[in-house]
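Number of protein chains: 6
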Amino acid sequence: MGSETPCSIHLLTPVVTEGLRTLDELDIFKSPGTQLTHSILRTGPPSIECEVDQALAVPGTIKQAIKAERNGASAVIIDCMGDPGLRPAREAVTIPVLGPAETSMHLAAMLGQKFCIVTVLESVRPMMMNNVRLYGVQEKLASIRVVDIPVLEIHQRGDEVQEALAGEALAAVEQDGADVIILGCTGFLGCADKIRKRLLVAKYDVPVIDPIPATFCMAEALVRSGLSHSKKAYPYFREKAFVGYEISRV
Amino acid sequence: MGSETPCSIHLLTPVVTEGLRTLDELDIFKSPGTQLTHSILRTGPPSIECEVDQALAVPGTIKQAIKAERNGASAVIIDCMGDPGLRPAREAVTIPVLGPAETSMHLAAMLGQKFCIVTVLESVRPMMMNNVRLYGVQEKLASIRVVDIPVLEIHQRGDEVQEALAGEALAAVEQDGADVIILGCTGFLGCADKIRKRLLVAKYDVPVIDPIPATFCMAEALVRSGLSHSKKAYPYFREKAFVGYEISRV
Amino acid sequence: MGSETPCSIHLLTPVVTEGLRTLDELDIFKSPGTQLTHSILRTGPPSIECEVDQALAVPGTIKQAIKAERNGASAVIIDCMGDPGLRPAREAVTIPVLGPAETSMHLAAMLGQKFCIVTVLESVRPMMMNNVRLYGVQEKLASIRVVDIPVLEIHQRGDEVQEALAGEALAAVEQDGADVIILGCTGFLGCADKIRKRLLVAKYDVPVIDPIPATFCMAEALVRSGLSHSKKAYPYFREKAFVGYEISRV
Amino acid sequence: MGSETPCSIHLLTPVVTEGLRTLDELDIFKSPGTQLTHSILRTGPPSIECEVDQALAVPGTIKQAIKAERNGASAVIIDCMGDPGLRPAREAVTIPVLGPAETSMHLAAMLGQKFCIVTVLESVRPMMMNNVRLYGVQEKLASIRVVDIPVLEIHQRGDEVQEALAGEALAAVEQDGADVIILGCTGFLGCADKIRKRLLVAKYDVPVIDPIPATFCMAEALVRSGLSHSKKAYPYFREKAFVGYEISRV
Amino acid sequence: MGSETPCSIHLLTPVVTEGLRTLDELDIFKSPGTQLTHSILRTGPPSIECEVDQALAVPGTIKQAIKAERNGASAVIIDCMGDPGLRPAREAVTIPVLGPAETSMHLAAMLGQKFCIVTVLESVRPMMMNNVRLYGVQEKLASIRVVDIPVLEIHQRGDEVQEALAGEALAAVEQDGADVIILGCTGFLGCADKIRKRLLVAKYDVPVIDPIPATFCMAEALVRSGLSHSKKAYPYFREKAFVGYEISRV
Amino acid sequence: MGSETPCSIHLLTPVVTEGLRTLDELDIFKSPGTQLTHSILRTGPPSIECEVDQALAVPGTIKQAIKAERNGASAVIIDCMGDPGLRPAREAVTIPVLGPAETSMHLAAMLGQKFCIVTVLESVRPMMMNNVRLYGVQEKLASIRVVDIPVLEIHQRGDEVQEALAGEALAAVEQDGADVIILGCTGFLGCADKIRKRLLVAKYDVPVIDPIPATFCMAEALVRSGLSHSKKAYPYFREKAFVGYEISRV
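Protein chains in written order, with the working numbering: chain A, 1 to 250; chain B, 251 to 500; chain C, 501 to 750; chain D, 751 to 1000; chain E, 1001 to 1250; chain F, 1251 to 1500.
Derived by calculation from the structure, the hints in this document are not laboratory data. Be a bit skeptical, because a hint or two may be false.
Stated by the list, open to error - Cβ-to-Cβ under 8 Å is the rule here; a few derived chain B residues that face chain C: (1) G283; (2) L286; (3) H356; (4) Q363; (5) V423; (6) V451; (7) A452; (8) E470; (9) A483.
To be verified - Derived EDC-like pairs: lysine to aspartate or glutamate, alpha-carbon spacing no greater than 16 Å straight-line: (10) K1481(F) / E1122(E); (11) K981(D) / D1205(E); (12) K231(A) / E372(B); (13) K481(B) / E674(C); (14) K1231(E) / E819(D); (15) K740(C) / D955(D); (16) K1231(E) / D1455(F); (17) K1203(E) / E746(C); (18) K490(B) / E153(A); (19) K203(A) / D1205(E); (20) K953(D) / E1424(F); (21) K1240(E) / D1455(F); (22) K231(A) / E1372(F); (23) K231(A) / E1403(F); (24) K990(D) / E653(C).
Just so it is clear, CB atoms sit at the ideal spot from N, CA and C, and this is done for glycine as well.
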């Protein structure tokens, strides 16, 4: 705890696709002395766009979280706005495990009165809505909007993505009463500034939360203040003879 | 749809432990002509008592649900009060997929004003509470109580289980204002009658929902009335190159 | 309880108008061996379209429910989407009393995330909304929509009704985010299939709940699983010298 | 509207038992110039202690409300904490119709943060809870408590009633966090002062709402400010051939 | 308590601007014998249109409330729809302190199912929404709408104000499902009748609550029924050495 | 934004009492390079224990927040668990303004399922509960508990305070179902560790949030991620002729 503590954040991208995430993008958010490590899954889906994708990401996520803790991580961030495996991973480790959706929604609740999540596809909406319910922030939700672009096409359709995000963000502010925007996919990393500028042009000075940098800073905050999830809410799982999964804390 | 329809219910026990479930127990609830099939998982946990157990049950559950549909099942019941895999399994099949927790909670909401769930262990409480939130029935929840007996010890400690369940049910009625009791583990199958009698001795005429028979009857009801889950809420998952999981609808 | 139990469902149409309901329409939903009986009221309103109509239907409904139980019914279904007399009738009998509104709303909550009720007239909306509140399913309500056609004109304006229902259902899905449709009047019996087909043409695969068949199947499910309403929530009424009403359990 | 308006409040006691209510008790609350009239039912229950009693009070209540308006009443108060017939009576008249439960709950919500309703019998609790839901004040409810004394025994067991009410009120403040007390039966008229004094002895300075005087003053307030219920929420009922009930606005 | 009680209502306009409020406008609402006194602030804002304005009105409001009680007032009404100082003023006096926003919202909840507040400026919306949350009436809120006219321009732009209010009220009824309208600024005093007439022309018979007259009548009702705020919810503040504020109860 | 940004956090203690707060206590939480400045009020209360105290702290808080921003602060923390002036201060500045109550409640909501706030006096409970409502985290609140010790006696009664806090925290976990504890007064700074140890002795591994360090780390997180409150939710106040207050942004 405190300023002397060496802080090492592990970013866990819960898909099997290499190259989606590079750490350079996050460098500017680090405080001096904080380290950043990264992993992807060995088993799981290539991208997460529905409940099935999400379910298949969870066993690998638990495994990687245990490994990250063993390797000295101070905190783990699950790099997906569905927060796959957030709760079971917390049963598996002592260090804080953060989901960008949970973190962004609570941040948004602090920065305004009503937030909008702008995400990728219609198929993601029910999961997102369920997380809103689980996190207890329904009263602060203005709307969920989608740009209708699959996760794996975000990079190659960059300009179109930004355009669509800005359009939906503007509609959320003007039609749904939103006063905070959350980017609803971690693949949108880096888009916040342009959207915010577009909103400013329309005279709307509303924060646009880029989930991964925001969660990264929150992870540092938790580590520095010596806080982690409650072990009464997330007790350690009991070691059992799991068939087909090598998952153990010992 | 209707009385002519042959109805075949598949009971999917989402653990790898053999012998936990025998179908004889369910025979008395069948309407004439309904068939009952059963499977357990090839990969997964031996029992489900926390989020990690539950997470490891989901991939196998999705797989078995697809298989059950292919084999002609009219509906699938997930045989665990955590409803593991309920949402992703619905993305994978057309036939109704029922969770005993979701079904029992809505039934309880219809039969009284406040229900209590009496379940196995403290570690299950957060999952149960999260499902209450997801299913939107918080207003009808009186309390969640636990008997502190692990799932795999239920059978050998039968009398003790019944005693503990009756004690907690009575306390729920007298102290928490519950007017309906839900047995909070599918391993409690067959205990409802004795608990109900114990409550009647204390002059409390409250229903005790045994989740698997109740869900079984509800599955028949859905099949007969031609209803299944919304494909807008649970669209089919997109076929992808999942690594480590052979899951496909085609 | 169980498959041997002879099951006899009593459909109680809570109006004085003869000929509105014929049992043939329900035959296809029966499981083999289930019997269906029917009654209308001797005193009450000709149709139910507001709180006054509904209030005048309740005394007769209580009376008929008692009579149905005496005549051996296993369950009573109140044949109106206002669920008139649901709670007092439960105080008067031991067998399950089901309201199609309560049943359909809980079914809808299980099949999707947000349901729309499409009903007859604006004057019905407040009653419907009040029932949503009483049943505790507000979080699952997308909207209530009306076709603006009085109950007693439904039959003669059949095509227009179907057209209007389909139009409102489509609007509910596209504008209100509904993923399940509930027909909001028991007079719409038989319209579900056509509406569902119209929605499918527009690529929306959402369930359309026809309340009476669905409630009928649910009544069978309750009878077979041996469940009825809580007598703690609905204690037997005390015999009193009611003036103007011959209502007694003895 | 305003100070010149002659104001005539009609107190409608929705039971057939004579002598339960005398107007003298209300005289001290009248403002100069306000008149008070009274009626009981010709058909209905002798007292209201459950849903069946309440249902049988409603047709007579609608009738009397119409009659009161015809006779020049400025407002109608339904003299029962179940508010029987509140909504249908509003469909039948233009003048304000007030329920003491609805009025007291909203007053309580203004005077503190959490109110307790102390009422007669357990059988009344579900109705009371349902009204809390309908009126939208769940967040302000601390608890519902009962003294277990039937309505028709209140007068002869006066001291016992006061003792029991004071005891439950004290428990509500100390154990349930209540900071306002609502007397949960209009038969408790006149008990508020003694209970309030008992609470003051225990150093709790909390308001005790006596529903009928409070509702009487509120009725005057509505009349003087020219407000009545919304005709969009409570449209006039359509004249129909009701069988067994002579109810008509014309 | 009762009709003999001399009643003196103090209207506390929480701004420093003279001439905004004249008592003549309220005369028609008084019951015979009720007196009306008035004060404005010595320190504070010229008008209240945001949180800063509101915050600067509170110390003066507390002071004036104490003074009004010392001068014999029976009740205090804070003359601003932000209800500035409502809670601290209640800690400072024994007599009822009423806020027009709190009073109007609870009245509206009694008169219909969904209310709309039509107020002055966008900058007021968040405060208004926060009060809806504090008063626990979220479930009854249809919408908050604004006419975009500053408080101090209301008088000189009278016709435009009425036009805008009527337009927004109509839109609230037709688009947001509102069945009661609340004028969202005490500066709109006297506008209710014209708006109500405009709505009636469009066949919408919905109440339009003019907050100050309505609160005035409610204050009389509280005084006559002997009720004031709970001292458990609003205990007397402890005398302290406040720097810069001369506030004391003694 | 990012790691290069010099970060300067201003701690604004909203009382006039000198010496209550020393910055040394916060040094261990700082990340390298972050500066910490501090101020108290010139006008206001000596301590904050009720709504009146809180109201008198707000004008000074707004003023100091503006001054802090002018002096180059990157963020302002209001050093009181009532969050006095949080919303108006946000209208007055561009930099993030954080309240320890709002921050701690959202952090608690992320770390567990149900939190308890242990605070100083009963008189603080209603304000605390109102903030729970405003922040939209009611669903995550287990309970509010008090140790009954005035703010200005915390330091001299140190051991007693710790004992009382630990006792209430334990009761919250065992009786109220809390799994996270929030210290409900910023005067409790430094007590978290001992309470956490006491809970661990009783085998409860639950986080204890010390609001000021936690809010300090969160302020750094906001600054580093370039986020501040929404100007749509908190628009700049308009310059006006405030009487008695010299408050201006220009």
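*Of the numbered hints stated previously, which ones are contradicted by the structure, given in increasing order?*
2, 6, 7, 14, 15, 16, 17, 19, 20, 21, 22 and 23
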